[in-house]
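Could you put together the complete structure from these sequences and hints?
Chains as they are written, first to last, in this note's numbering: chain Y, 1 to 157; chain S, 1001 to 1221.
By construction, these hints were calculated from the structure, which means they are not laboratory data.
All residues carry an ideal CB built from backbone N, CA and C; glycine is no exception.
Keep in mind that the hints are not guaranteed to be accurate.
[Stated by the list, open to error] Only some residues are given here: those of chain Y computed to face chain S with a beta carbon under 7 Å:
hint, residue
1, Q3
2, Q57
3, M83
What follows is the residue order along each chain.
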Amino acid sequence: MPQTIVILGCGRVGSTLAKQMSGEGHDVTVIDITSDSFRRLGNKFKGHRLVGSGLDQDLLKRAGLERASAFIAVTQGDNSNIMAAQIAREVFHVERVVARIYDPIRAQAYRELGITTLCTTTLAAGLIHDAALGEGQGDALLQASQTWDKVYLEQRC
Amino acid sequence: MYVIVVGGGKIGYYLTKQLLTEGHEVLLLEKDRRRQSAMAEQLGDVVMQGDGCEVRIMSEAGFGRADVIVAVTGDDEDNLVICQMAKKNFQAPRTVARVNDPANMVLFDKLGIDTTVSSTQIIFNLLEQQIEPGEIIPLGALKNGNIEVVAINVSERSPVLGQTIQDLRLPGNALIISVVRSDNAMIPQKDTRFENGDSVIAMVVAEEEPQLRHIFAEVHS
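In structure tokens, the structure reads:
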């Protein structure tokens, strides 16, 4: 079933997710502080683009957060992601809120406070560790990585 | 008191200076190295360089024994995280955050920040006070409740002019706590009569504020 998804931050991660999810038929809105970032979405992207601050509650409302089933915060700033995620949860009661956090300590603290935080720093370290030592799920993860690389490359044009 | 101020902008600088004058132990934390050394030249070794959102720096700065943490950087999101991390990882007894966007005051309160200050809101309230006599001016809210403390200016167009407090049909959850007349705050009696220029200070449950507003609403011809 198509879901309403709001993505904050149109960098490499945000744009890749936006294109993929939109391609899967979901109703996607991407927010970024600079309109220039939307070039990453290419011209096949069918979702909505919104320029502004993801910490502005009026803008988040316009982005459709009230009826969104998921909110994804992937800007460059840990604190912006943390704050936006908390607004999504506390003000708009979004069911699934995911935030990318570079600082592992902050990622853990806010995970304990109920936000799904992904610390890509430690996550990458762990994956590289397993791949280098041939341990854990090294192969499966490499495959997943290739799949998403393809998503990124295919939709670039 | 041991006060940690995070953010070496103008507010952080003057706040630190004032706290030092009053004899408090203060530490000013500033992320930017150049700014930190400029501040240190004026304030001495109470200025430390470091990111106040990083737990390692927070430990070094002594967040664990601080009585108050004051986050006054220019970014609302940083101030929020500083205060939340101080509460969560260092059990800070009191946190104060500055916000630019007044809409964040309610949010910060909900997210556990003890005190939130918005200069935008303060200036707005002052302007409102000058522009619209007769309107209800919010002065503050009681913590953990929805009781507001408000001021209402009585003008020559006010319907309560010449009436006494007992004449008013106040909502059940409203209480007039003072009438300020020519800079004197009086404890009102039931026969206190309203005069032009009075400032009425009242406590009211948020839901009943419109009723209170209605009683004092000005008559426009």
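Comparing the hints with the structure gives:
Here the hint on Y/Q3 is broken, as its CB sits about 25 Å from the closest CB of chain S, past 7 Å. For Y/Q57, the interface hint holds, since its Cβ comes within 7 Å of a Cβ in chain S; the closest pair sits about 5 Å apart. Interface restraint check for Y/M83: the shortest CB-CB distance to chain S comes to about 4 Å, inside 7 Å, so the restraint holds.
Violated hints amount to a single one, hint 1; each of the other numbered hints is respected by the structure.
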